[in-house]
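In terms of the numbering used here, the sequence shown opens at residue 1 and continues consecutively.
There could be a bad hint or two in this list.
[Unchecked claim] Okay, the calculated beta carbon distance ranges per label pair: (1) D144 with Y29: 36 to 44 Å; (2) Y162 with P102: 46 to 54 Å; (3) Y29 with D49: 19 to 27 Å; (4) Q96 with N24: 30 to 38 Å; (5) E50 with I81: 28 to 36 Å.
No lab work stands behind these hints, which were simulated from the structure alone.
Just so it is clear, the structure is predicted and the values come from calculations on it, not from any experiment.
The beta carbon of each residue, even a glycine, is placed where N, CA and C say it ideally should be.
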Amino acid sequence: MTTKKSSCTLSATEKLLIQNIYENIKDEYNNNIGQLAEFLNTFQSMVDDEVNLSNSCTLEYLLTLIDDEFDIDGIDTSNHITPNCKEYSIGYDNNQHAYYAPQMIQKFFFINRESLIRHLDYYNPGDCHINTYGNDLWTSDNSDPMVHIAPNGKIYHFVGQYG
Numbered sequence: 001m002t003t004k005k006s007s008c009t010l011s012a013t014e015k016l017l018i019q020n021i022y023e024n025i026k027d028e029y030n031n032n033i034g035q036l037a038e039f040l041n042t043f044q045s046m047v048d049d050e051v052n053l054s055n056s057c058t059l060e061y062l063l064t065l066i067d068d069e070f071d072i073d074g075i076d077t078s079n080h081i082t083p084n085c086k087e088y089s090i091g092y093d094n095n096q097h098a099y100y101a102p103q104m105i106q107k108f109f110f111i112n113r114e115s116l117i118r119h120l121d122y123y124n125p126g127d128c129h130i131n132t133y134g135n136d137l138w139t140s141d142n143s144d145p146m147v148h149i150a151p152n153g154k155i156y157h158f159v160g161q162y163g
């Protein structure tokens, strides 16, 4: 059993150093909001677990920076859009202590959000740039019999040979 400190005090220099390291980590994602959201969600849970086990004031401050990031930038971690453009909401079941997607036909529970997202992406392949479910603006009139767009979004060009 560990006893946590009641209050953490970091100097302004220490806080600035932690902020700079955190900003440098975020800059590696080059404004890709999807990857940044996935990273921050994973990073947040890792830091939160470590804060619960240790008395580290630096980790507590880092956790507040991450928590503030979700509040300020409005990164939505309650939904996930799969490669084929289907949107799934992500829920957490307190009884099972696991993540799930209510829209899934067969309900599976996952130990973390990232495992659920990998599962959803694996079973929903495709490309959001190709709309295979309605009017396809990318290929305005697909009446060419030598072109076929598969349900997963792949475009196949047939070649006629030997009659």
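Structure-based check of all given hints:
In this structure the hint that D144 and Y29 lie 36 to 44 Å apart at CB holds, the actual value being about 39 Å. Between Y162 and P102 the beta carbon distance is about 52 Å. The supplied range of 46 to 54 Å therefore holds. Between Y29 and D49, the C-beta spacing of about 22 Å keeps the proposed range 19 to 27 Å intact. Between Q96 and N24 the Cβ separation comes to about 37 Å, which falls inside the hinted range of 30 to 38 Å.
Distance hint for E50 and I81: a CB-CB separation of about 30 Å, consistent with the stated range 28 to 36 Å.
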